[in-house]
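First to last, the protein sequences are chains A and B.
Residue numbers are given in numbering that gives the first Met the number 0: position 341 of the first sequence equals residue 340, and the series is strictly consecutive.
Residue numbers are given in numbering that gives the first Met the number 0: position 334 of the second sequence equals residue 333, and the series is strictly consecutive.
Careful, some of the hints might be misleading.
Same chains, same label: a pair holds when it works inside one copy or across any pair of copies.
Here are the simulated lysine-lysine pairs, DSSO-like style, with alpha carbons at most 30 Å apart [stated by the list, open to error]: (1) Lys-373 to Lys-412; (2) Lys-373 to Lys-23; (3) Lys-227 to Lys-280; (4) Lys-216 to Lys-117; (5) Lys-373 to Lys-65; (6) Lys-412 to Lys-280; (7) Lys-216 to Lys-68; (8) Lys-412 to Lys-68; (9) Lys-227 to Lys-117; (10) Lys-350 to Lys-23; (11) Lys-216 to Lys-65; (12) Lys-350 to Lys-117; (13) Lys-2 to Lys-354; (14) Lys-117 to Lys-354.
Simulated from the structure, these hints should not be mistaken for laboratory data.
Predicted model only: the values in this text are computed from it and were never measured.
Protein chains: 2
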Amino acid sequence: MTKHRVVVVGGGFGGLNATRAMAKAEVDVTIVDRTNHHLFQPLLYQVAAGILPEGLIAPALRSVIKRQKNARAVLAEVRELDVDARVVRARQPDGQDLELPYDTLVVAAGATHSYFGKDELAEFAPGMKTVQDARYLRDAILSKFEMAELTTDPVERAEWLTFVVVGAGPTGVELVGQVAELAHQVLPRDYRSVDTTDARIILLEGAGAVLPPFDPKLQRYTRSQLEKMGVEVRLNTLAVGMDHASITVRSGDSTETIRARTRIWAAGVAASPLAGQLAEKTGAATDRAGRVEVNPDCTLPGHPEIFAIGDMVSLNKLPGVAQPAMQEGTYVGRLILARLAGRGPMMPPFKYFDKGNMATIGHKRAVAEAFGRKVTGLPAYAMWGFIHVLYLIGWGNRLGTMYTWARAMYFSKSRAHRVITFEQGVSAGTARPAPVMRRPEPAPATTPARPT
Amino acid sequence: MTKHRVVVVGGGFGGLNATRAMAKAEVDVTIVDRTNHHLFQPLLYQVAAGILPEGLIAPALRSVIKRQKNARAVLAEVRELDVDARVVRARQPDGQDLELPYDTLVVAAGATHSYFGKDELAEFAPGMKTVQDARYLRDAILSKFEMAELTTDPVERAEWLTFVVVGAGPTGVELVGQVAELAHQVLPRDYRSVDTTDARIILLEGAGAVLPPFDPKLQRYTRSQLEKMGVEVRLNTLAVGMDHASITVRSGDSTETIRARTRIWAAGVAASPLAGQLAEKTGAATDRAGRVEVNPDCTLPGHPEIFAIGDMVSLNKLPGVAQPAMQEGTYVGRLILARLAGRGPMMPPFKYFDKGNMATIGHKRAVAEAFGRKVTGLPAYAMWGFIHVLYLIGWGNRLGTMYTWARAMYFSKSRAHRVITFEQGVSAGTARPAPVMRRPEPAPATTPARPT
Chain A
0 MTKHRVVVVG
10 GGFGGLNATR
20 AMAKAEVDVT
30 IVDRTNHHLF
40 QPLLYQVAAG
50 ILPEGLIAPA
60 LRSVIKRQKN
70 ARAVLAEVRE
80 LDVDARVVRA
90 RQPDGQDLEL
100 PYDTLVVAAG
110 ATHSYFGKDE
120 LAEFAPGMKT
130 VQDARYLRDA
140 ILSKFEMAEL
150 TTDPVERAEW
160 LTFVVVGAGP
170 TGVELVGQVA
180 ELAHQVLPRD
190 YRSVDTTDAR
200 IILLEGAGAV
210 LPPFDPKLQR
220 YTRSQLEKMG
230 VEVRLNTLAV
240 GMDHASITVR
250 SGDSTETIRA
260 RTRIWAAGVA
270 ASPLAGQLAE
280 KTGAATDRAG
290 RVEVNPDCTL
300 PGHPEIFAIG
310 DMVSLNKLPG
320 VAQPAMQEGT
330 YVGRLILARL
340 AGRGPMMPPF
350 KYFDKGNMAT
360 IGHKRAVAEA
370 FGRKVTGLPA
380 YAMWGFIHVL
390 YLIGWGNRLG
400 TMYTWARAMY
410 FSKSRAHRVI
420 TFEQGVSAGT
430 ARPAPVMRRP
440 EPAPATTPAR
450 PT
Chain B
0 MTKHRVVVVG
10 GGFGGLNATR
20 AMAKAEVDVT
30 IVDRTNHHLF
40 QPLLYQVAAG
50 ILPEGLIAPA
60 LRSVIKRQKN
70 ARAVLAEVRE
80 LDVDARVVRA
90 RQPDGQDLEL
100 PYDTLVVAAG
110 ATHSYFGKDE
120 LAEFAPGMKT
130 VQDARYLRDA
140 ILSKFEMAEL
150 TTDPVERAEW
160 LTFVVVGAGP
170 TGVELVGQVA
180 ELAHQVLPRD
190 YRSVDTTDAR
200 IILLEGAGAV
210 LPPFDPKLQR
220 YTRSQLEKMG
230 VEVRLNTLAV
240 GMDHASITVR
250 SGDSTETIRA
260 RTRIWAAGVA
270 ASPLAGQLAE
280 KTGAATDRAG
290 RVEVNPDCTL
300 PGHPEIFAIG
310 DMVSLNKLPG
320 VAQPAMQEGT
330 YVGRLILARL
340 AGRGPMMPPF
350 KYFDKGNMAT
360 IGHKRAVAEA
370 FGRKVTGLPA
380 YAMWGFIHVL
390 YLIGWGNRLG
400 TMYTWARAMY
410 FSKSRAHRVI
420 TFEQGVSAGT
430 ARPAPVMRRP
440 EPAPATTPAR
450 PT
């Protein structure tokens with residue numbers, strides 16, 4: 000008799016936790032992912048900032064599950080979920096097609112950054128979702144200081160030294176804080192002609208506060224800390240146009256064009272296209288961000304054998320962060336086992352346990368809220384570090400990360416991983432030129448863009 | 000009065016040591032390099048093998064010299080050495096031209112891999128000289144195991160699992176040893192369908208022994224250790240043709256085509272094109288590898304203000320490894336200072352102090368010869384590790400490397416840095432496709448290539 004076949008699409012927090020929850024069961028689990036690694040997304044900004052090497056936060060997926068003998072990992076990009084034939088169709092790296100039949104399907108395909116329909120902005124304002132994105136951003140940020148050192152024209156130099164981060168959610172705050180630390184703490188002694196502390200670092204946010212989902216007290220703290228670090232925080236401000244050398248912003252009735260060679264997109268996310276595919280095939284609804292609405296037990300309407308979890312689903316208004324994806328993954332894994340044991344109907348619907356929110360701003364600066372308590376400063380920073388190290392996979396990566404942090408933050412105020420290779424990146428299907436290669440163009444395009 | 004201006008072309012071992020030797024002098028030193036990092040080349044194969052993250056062996060050049068106030072680093076690619084006008088012309092990353100006038104010029108532009116005039120082989124057999132090359136090789140090697148896991152056809156699987164390293168110098172031996180360790184030690188437990196120990200790993204060498212410059216006893220030891228590790232060593236064998244799925248080799252009168260999806264080029268090096276430019280402009284001779292012949296004090300004929308050092312020069316038949324470049328750099332820096340103090344004529348010509356040779360084969364296996372003594376096995380391995388860590392730049396990188404080695408080799412037999420991103424690499428001006436994307440083509444091309 001063949002075992003019950005579970006196909007898990009996506010090796011992120013959701014898919015990996017679902018797989019692990021089935022570790023001791025009589026099932027055959029196949030995780031299919033288009034990359035070979037499980038990415039610990041919450042620390043990806045530290046790769047972009049030159050603090051961590053990518054390997055510590057992106058262990059090979061098959062290495063992560065190597066002791067789980069009932070699971071295997073497959074490197075392929077899922078193209079079609081055939082819910083009638085119960086087959087997942089994927090494309091291998093060499094272009095060949097692969098069919099994965101399933102008895103139960105778990106779709107945990109995550110989200111990508113969204114330019115609100117204006118994908119051409121990817122060229123002007125890269126986002127950060129993959130290892131390649133982070134390498135590209137690292138190249139893009141660090142190379143601007145190199146260019147500023149080379150030029151003798153003060154106007155051009157100011158352009159190279161202006162950085163605009165669009166979107167003040169946790170990722171935007173973390174990235175802008177890192178750019179500020181680079182310019183003010185890490186790089187000044189490395190440069191001879193340019194004073195890197197002259198850098199102008201701007202954080203744009205369409206809403207009226209930074210870190211919109213957080214408590215107002217923590218929002219105020221974050222804003223004031225960012226300002227102390229040299230960041231210009233602009234609230235109620237939208238990006239309405241961009242080109243290679245500038246960004247046009249609108250606040251109320253006034254419009255301003257800022258000469259800036261670096262824009263970073265941290266404004267919006269959209270569900271994986273597989274969410275739309277699931278919705279279409281099962282009749283489920285999708286929300287504005289393209290997320291598919293699932294039943295309280297994470298199944299799709301009329302398809303109890305299909306689960307969808309994580310950033311690509313809309314369920315109880317949960318935020319698109321790691322915790323809901325992880326908990327949904329574990330829940331779904333357990334529900335599959337309960338069903339196989341004939342106890343499926345006894346399982347209650349998924350219930351989220353809110354462990355709180357946190358975001359780091361910079362060295363010894365962070366905010367956290369959990370169980371009704373609000374924490375700021377060093378205690379929040381220590382908590383943030385402790386929890387993130389704890390959730391990393393493998394003691395080797397945990398120790399390596401602690402060593403690298405100690406080195407980067409406490410001993411030498413340095414960034415060890417500063418290799419620039421002028422990567423030609425590809426993200427969300429959009430080919431990108433190398434970060435600094437282009438000369439400025441005369442007039443800004445007027446492509447409207449709307450940050451959150 | 001303006002200070003004496005020294006321009007150093009290249010931030011490798013030669014250029015960096017020349018710069019450091021002038022640390023306390025009344026000179027203005029400018030190091031110009033087309034990358035932003037000083038690359039510790041002897042450990043680059045460990046990046047290709049997934050052991051080390053690139054940052055630990057490629058610190059930012061300007062960070063390395065940040066305490067040396069008389070030196071600055073410039074990120075640009077040198078195009079022309081104008082020896083009459085005493086100006087170095089370089090291109091900035093944004094395409095603008097940059098002129099660097101000098102009173103003294105030190106050219107330490109290194110070498111690249113050579114396909115003996117058949118640059119089209121770069122597509123079929125990538126080499127390893129840069130960080131991007133190493134990332135590309137890591138992608139190329141690791142992705143082949145992924146492909147082998149995906150295929151069900153035994154012939155195709157064997158093709159994915161066949162690795163051919165061309166050239167048995169230290170780099171070739173180190174790389175082939177790493178492929179063998181991956182296949183036999185690191186990866187077996189990670190895969191479900193494929194047995195990675197089925198991999199066929201071949202080392203080709205045109206000469207009659209591996210590690211040609213080493214003592215015959217060490218050559219025999221290296222060969223027998225490689226064979227114990229599962230490497231097929233083929234001596235007196237030339238690569239005479241390649242395509243995307245095979246390599247044709249000739250040994251004596253017999254020719255054989257081996258189906259193999261991975262070929263790695265470690266066969267030849269050629270001096271930087273700047274060596275040819277210097278030769279042309281100063282009337283100096285070049286050797287077969289394009290290296291320029293310099294005077295015993297490393298100057299060019301008729302140009303006492305121009306020095307050339309390292310892998311791009313031919314001097315006393317010194318090998319193209321780190322030690323001669325470092326010692327020449329230090330010598331040249333001191334000679335410049337002696338001249339400024341009016342003691343130039345008192346300086347003797349450059350004299351190489353031979354500290355010996357070493358190469359690592361695999362875990363606890365290495366060979367070393369120094370001061371007439373020959374060492375093999377664990378003692379040579381320990382020596383190799385100690386010396387390489389010692390020569391790394393910065394205690395942060397030394398400790399980080401030791402931690403990573405301990406983790407990779409002693410505790411878990413793992414490779415922490417296994418991210419595959421299917422990099423599109425560019426090396427020696429040749430654009431390369433992503434490592435595994437292509438399907439095999441019907442017949443092998445008959446491009447002849449000659450390993451050393």
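Hint check:
1. Lys-373 to Lys-412: within (28 Å within a copy, 43 Å between copies)
2. Lys-373 to Lys-23: neither (39 Å within a copy, 53 Å between copies)
3. Lys-227 to Lys-280: Neither: 51 Å inside a chain and 55 Å across chains, both beyond 30 Å.
4. Lys-216 to Lys-117: neither (34 Å within a copy, 66 Å between copies)
5. Lys-373 to Lys-65: neither (39 Å within a copy, 41 Å between copies)
6. Lys-412 to Lys-280: neither (53 Å within a copy, 45 Å between copies)
7. Lys-216 to Lys-68: Neither: 48 Å inside a copy, 45 Å across copies.
8. Lys-412 to Lys-68: So Lys-412 and Lys-68 pass the 30 Å test across copies only (19 Å; inside, 43 Å).
9. Lys-227 to Lys-117: neither (34 Å within a copy, 57 Å between copies)
10. Lys-350 to Lys-23: Classified as within; 23 Å inside a copy, 67 Å across copies.
11. Lys-216 to Lys-65: neither (45 Å within a copy, 40 Å between copies)
12. Lys-350 to Lys-117: neither (36 Å within a copy, 63 Å between copies)
13. Lys-2 to Lys-354: neither (36 Å within a copy, 62 Å between copies)
14. Lys-117 to Lys-354: neither (35 Å within a copy, 60 Å between copies)
Against the hints set out earlier in the document, violations occur for numbers 2, 3, 4, 5, 6, 7, 9, 11, 12, 13, 14.
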